[in-house]
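Residue numbers (full-length UniProt numbering), protein chains in the order written: chain A, 1 to 148; chain B, 1 to 148.
Treat the hints as calculated values from the structure; they're not laboratory data.
Some hints could be false.
[As the list claims (entries may be wrong)] A few chain B residues facing chain A, derived, Cβ under 8 angstroms: (1) Tyr-18; (2) Phe-33; (3) Asn-36; (4) Pro-57; (5) Val-61; (6) Arg-90; (7) Phe-91.
For clarity, every value in this text was computed on a predicted model and none was experimentally measured.
Even for Gly, the Cβ is constructed at its ideal location relative to N, Cα and C.
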Amino acid sequence: MTVIATPAPAPRLADLTVGDVVAEGAFPLTRDSLVHYAGASGDFNPIHYRDDVAVSVGLPGVLAHGMLTMGFAVQPVVDWAGDPGRIVDFQVRFTRPVLVPADGEAVVTVVARVGAIDTDAGVARIDLTVSSGEVTVLGKAQARVHLA
Amino acid sequence: MSVNPELQGRVFPPVAPYLVGREKVREFSRAVFATNPINLDPEAARAAGYADVVAPPTFAVVVQEATLAQLLAEPDAGIDFTRVVHGDQRFSFTRPIVAGDELTATLAVAGVKSLGGHSMVTAVSTIVDASGAHVVTATSTLVVRGDE
């Protein structure tokens, strides 16, 4: 892939309003996604790829890595901001697991809204609603984005 | 066995430096569904002012991981890793991680709290570059479930 384009212009703080939806995304997770993340991250806990191990520790089935969900949840914000280096702070609480079936997919959706604007610091707080099915899976999911 | 309250305030020796590889950043980027060219394409990263591809925000967990392993292996910690659940996670950046960085992480235990039979351990890993300059602080709250 060759990209020649100059970086996309960043959104401007002055153009934002608290409550605005600035980005959305939908991420279909399969077992392949989990194996890929295990290899890339080095987190080889078998509850993320083996049903028998997951069940043996009392889980309903194989779960996505919380850090995988955190990892893609911020990507719509990165694309909106135009540069991953503009994310200056990112936090989440892991509230509910994402169950990933062996022979299908679990779709996780992300809605990113402006939560607060700090003009002096040049930072917008973007609040993420991250859901699988009808339930949210992350709490207090907030990315702080440095903007002019 | 319960978590040793005397862990609070303990600072661990720095872990061995982590050299951030370009292909590791690209592999991790794909695993978290990153599509921004600055994560994937060195030319796009240079055009945006970076020396090489920029890691997604949550890549810091890969560098942090060795410090959490240190914590779980601490002989007097009393942390049974089979009972550990990741409660929440935060990354606070001075600058993004870029391929070519040599990063060193140092763990401090900021807090140990008991809550209804469970323990909550707050682990703060401070990550600096080869010059000693701060890059990112990764903070994890680990929930250690008590005996049933």
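>> Using the nearest Cβ pair, does Phe-33(B) come within less than 8 angstroms of chain A?
In response: holds, 4 angstroms
>> Does the closest beta carbon of chain A sit nearer than 8 angstroms to the beta carbon of Phe-91(B)?
In response: Interface hint status for Phe-91(B): holds (5 angstroms vs cutoff 8 angstroms).
> Does the nearest C-beta of chain A fall within a distance shorter than 8 angstroms of the C-beta of Tyr-18(B)?
Replying inline: It is violated, given that the least Cβ distance between Tyr-18(B) and chain A is near 11 angstroms, above 8 angstroms.
> Is the interface hint for Val-61(B) satisfied, with its Cβ closer than 8 angstroms to some Cβ of chain A?
Replying inline: holds, 5 angstroms
> Is the interface hint for Arg-90(B) satisfied, with its Cβ closer than 8 angstroms to some Cβ of chain A?
Replying inline: Nearest chain A Cβ about 4 angstroms off; hint holds.
> Quick one, is the Asn-36(B) hint okay against chain A at 8 angstroms, beta carbons?
Replying inline: Where the cut-off is 8 angstroms and the nearest Cβ of chain A is about 5 angstroms from Asn-36(B), the hint holds.
> Minimum Cβ distance from Pro-57(B) to chain A below 8 angstroms?
Replying inline: holds, 5 angstroms
Against the hints set out earlier in the document, a violation occurs for number 1 only.
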